[in-house]
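Student: What follows is each chain in one-letter form.
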Amino acid sequence: MSPTETKQEYQVIGKRPVRHDGVDKVTGRAVYGADVQLPGMLYGKVLRSPHAHARIKSIRTDKAMSLEGVKAVVTAADLPDPEGRTANLGELGDVPLRNLTRNVLASGKVLYQGHAIAAVAATNPHLAEEALDLIEVEYEVLPPVMDVLEAMKKDAPLLHEDLCTMELGKKSDHHSNIASHQTFRRGDVKAGFASADHILEHEYRSATVHQGYIEPHAATAVWSADGQVTLWCTTQGAFSMRAMVHQILGIPVSKLKVIPTEIGGGFGGKIPSYGEPVAALLARKSRRPVKVVMDRTEVFMGTGPTSASYVKLKMGVTRDGRIVAAEAMLAFEGGAYPGAIVGAGGLCLLAPYNIENLVIDMYDVVVNKPKTAAYRAPGAPNAEHATEALIDEFCELLKMDPLEFRLKNASKEGDVQANDVRFPRIGCIETIEAARASDHYRSKLNGPNRGRGVAAGYWMNAGLTSSVMARLNADGTVTLNEGSTDIGGSRTSIAMQLAESFGIRAEDVSPSVVDTDSVGYTEVTGGSRVTFATGYAAYEAGQALRRQVVEQAAKLWKVEPERVLFEGGVLRDLDDAAKKIGLPELAETLAHRGVDIGARITVTPQKVGGVFGVHIADVEVDPGTGKVTILRYTVVQDVGKAIHPSYVEGQMQGGAVQGIGWALNEEYVYNQEGKMLNASFLDYRMPTSLDLPMIETIIVEVPNPGHPYGVRGVGEVPIVPPLATVANAIAHAVSVRLYEVPMSPPRVVKAMLAKK
Amino acid sequence: MPDKARVRATINGEPADFLCEPRQSLLEVLREELKLTGTKEGCNNGNCGACNVLLNGLLVNSCLVLAVEADGAKVETIEGVMGPQGLHPLQTAFLENAALQCGICTPGFIVAAKALLERKPKATEAEIRHWCAGNLCRCTGYDKIVRAVLDAETRMGEGQ
Ligand code: FES
Ligand code: FES
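These protein sequence lines are chains P and Z, in that order.
Numbered according to the working numbering, the first sequence spans residues 1 to 756.
Numbered according to the working numbering, the second sequence spans residues 1 to 160.
Hints listed in this document are in silico derivations from the structure and should not be mistaken for laboratory results.
Certain hints may be false.
Listed next, the in silico DSSO-like pairs over lysine-lysine satisfying Cα-Cα at most 27 Å (straight line) [claimed, not checked]:
| no. | chain 1 | residue 1 | chain 2 | residue 2 |
| --- | --- | --- | --- | --- |
| 1 | Z | Lys35 | P | Lys257 |
| 2 | P | Lys57 | P | Lys15 |
| 3 | P | Lys63 | P | Lys109 |
| 4 | Z | Lys35 | Z | Lys4 |
| 5 | P | Lys756 | P | Lys399 |
| 6 | Z | Lys4 | P | Lys63 |
A few chain Z positions that, by computed beta-carbon distances, are all more than 10 Å from chain P [to be verified]:
| no. | residue |
| --- | --- |
| 7 | Gly46 |
| 8 | Ala50 |
| 9 | Val65 |
| 10 | Glu69 |
| 11 | Glu125 |
Every residue, glycine too, gets a C-beta built ideally from N, C-alpha and C.
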């Protein structure tokens, strides 16, 4: 099957079957992380640092250990010494193992409020909490560094005395909180600006925000006397979790089985390990199963939010609206350890536009906040916020329609990106055109304090390795084991691709997400890669099953396989109408003859299709309170090919709403000492159903030539445009520009008063 | 360890008789003692609705109710929503409208929506959004959840 740009007729793809795991999830039977129950199980709780930055002078655990019902206490002293070793995290690259280990249990220093220090296992969770109060830790409190620009200053207190900046790929001897500096450079920026008629420059800031998945992290471990470790956890990647725990605890991979439970949201935040190695250590010490579940405060303080950021952007534009030069500086907070995903931000920053001359400097900076983790299109929302908001100012200046301006500069196949890689077939232009043609964009918006904003966004997506195992059952149905944890219905879109490829109904495939012993290596559910890459593996499995049943029918009839056609659930001999057999019948015959029809597929597809989105928002600003109400919101997005359109729409809507939350309300609020003041869902204000209208979706399909059905990842890009979409809408509603998100009521009011 | 109290309640129509510590929430007892893990914990302080159950027909956050308060009460959890005829129309509507992604918020939403429809079988979109404002969903943006509740109203109307 070859991808084409003409509409293909599909039997399964593009339909909307009920998801296979749906009934369990609407009846409460699905087992999530904290739902695991084992005989004799203990409850683990973690002691966390009250300080943002301090040296640990001593830890005493004997009082805690002597409390009745306490079965084990662990600290960093129970972890193998990681000194000097490197942890290989597959697609996440190589990192010093020490950074992983010390984030699991602190040693020497605590680097953020909420940093785990010790853990207790007891017969009930309340006892475990009581025991935490009995652990005595002596600290020497140090001044915290809470802001990326402050942390970059020469005289800033250092988080890691031995951290030296990686300067353009080379290790410098410069001790600093700046972990790395990278650059993208193309063309002649000076000449570019010289040819511009208008130049604008602004600084954009974004606060620390959390993924906000509703299910807290949970891990349950059994460590049997023979050293076999079994770990149930809610993770985006069973295999990467196995790799991390293997390296942190120094146990062989063969001794470690990770069983992924259902996962109650992740958005990038459930890739790292937190309580998993701790649960295992507690299980080893207590010789009992141990479950460690975080509470919401721990999730906010002890797990990775995404980077707060500073972006300075300057662009030069000709009077007819061509962008001729851009210069940017991105500084992203990595949190307590290096690893801000600033490179992706830099690559996406200008991607929707073809700009000849550009320079982008990117800095990864450590601060006394939790180690950041990925959050849906990590780096891109912070970065593209600047581009899309600045473009809006140019459009105002030039009195140009914002979508016209974007079309004029839009990237297309063959254009060169900031990293010098040429774009393959992309749907940037088609997406902008679809937005321009939308009912929303063509409608009138009237009324005081109301405004409309638009913005575009790009995310590159990931490919990486995925595996499936498919087996034909004796009744002609298929059992499908897959390695990608399913956060949003991907099991079904993977099963649909197998069904389409093999030639059966989606309902006749039974997909399961299985443990690390039961399927081939599969990288994390991230990078919007699952429906693309694991779906690719399922396509291959379908083709393999198809080949095998055709061969077996040919064998049965003693004819050449070329004569056998499998269609509509029936195999027939093209040359002899008398010879035909239904798939169930054939499957049964083969089962009893000891013929196994199955496929074990591992793929690493290279031709990942990046995606573009354009969002349109109508807002109303309350001039008294600064509250911004979203009146209407539309998400336009290239998806390549929508396998299950309902779940594609769901990603577009959910991503947009997370972006709206980021734009309007969400932020970590810290005091002077670096302590978070709003670590609850009451005070960290995520959007509720009452805050929103329906989210309209327009699916654009520009097939990805790198996938048999044209799939592009859809999950992440929808969080990219909302920051600028909403900022631009506010600007048009009340004629003030805000350069900092969230644009919370106090900030909006302040900006409006300042203008008066 | 504090003394345990004896609690007799009716849970999903069945008599339930259990011991619990006075400090244990109804949520904790449902999940950890009675193994009814369909009711979820998202925040444990009343801000997310994942733990919604009906207590004597009233919608409550079970993380904010002490288990001892359930003595003599009727408790309905997500496990009790499906009747002998099979899925409740709300459950069918959630499935058919793809109103769940990760599904962790789903039990809470279904229990909450059931309480709403028992009071207002023809609730409007605005009323649904208002009623469900105590339930957080981070995946869906609420669009398909609201549509599913509206669809369930139609299904239940037709069922009469
Ligand atoms: S767990 Fe009860 S409201 Fe969140
Ligand atoms: S479906 Fe994931 S929180 Fe609602």
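Student: Is the straight-line distance between the alpha-carbon of Lys756/P and that of Lys399/P 27 Å or less?
Tutor: Satisfied, since the Cα-Cα distance of roughly 24 Å is no more than 27 Å.
Student: At 10 Å, judged by beta carbons, does Val65/Z keep clear of chain P as stated?
Tutor: 17 Å, holds
Student: Over 10 Å from every CB of chain P: does Glu125/Z meet that, or does the non-interface label fail?
Tutor: 8 Å, violated
Student: Against chain P, does Glu69/Z keep a CB gap of more than 10 Å to every residue?
Tutor: Answer for Glu69/Z: holds, closest chain P Cβ roughly 18 Å.
Student: For the pair we were handed, Lys63/P and Lys109/P, check the Cα-Cα distance against 27 Å.
Tutor: At roughly 23 Å apart (the allowed maximum being 27 Å), Lys109/P and Lys63/P satisfy the hint.
Student: Given the proposed pairing of Lys4/Z with Lys63/P, does the C-alpha separation stay at or below 27 Å?
Tutor: Holds, at about 25 Å.
Student: Are Lys35/Z and Lys4/Z close enough, with their CA atoms no more than 27 Å apart?
Tutor: 18 Å, holds
Student: Taking only the CA atoms, is the gap from Lys35/Z to Lys257/P under or equal to 27 Å?
Tutor: 25 Å, holds
Student: Check the non-interface label on Gly46/Z: least C-beta distance to chain P beyond 10 Å or not.
Tutor: Incorrect as stated: the minimum Cβ-Cβ distance to chain P is 8 Å, not above 10 Å.
Student: Per the stated criterion, does the least C-beta distance between Ala50/Z and chain P lie above 10 Å, as a non-interface residue requires?
Tutor: 6 Å, violated
Student: Holds or violated: Lys57/P and Lys15/P, Cα atoms, limit 27 Å.
Tutor: 61 Å, violated
Checked against the numbered hints given earlier, this structure breaks hints 2, 7, 8 and 11; the rest are met.
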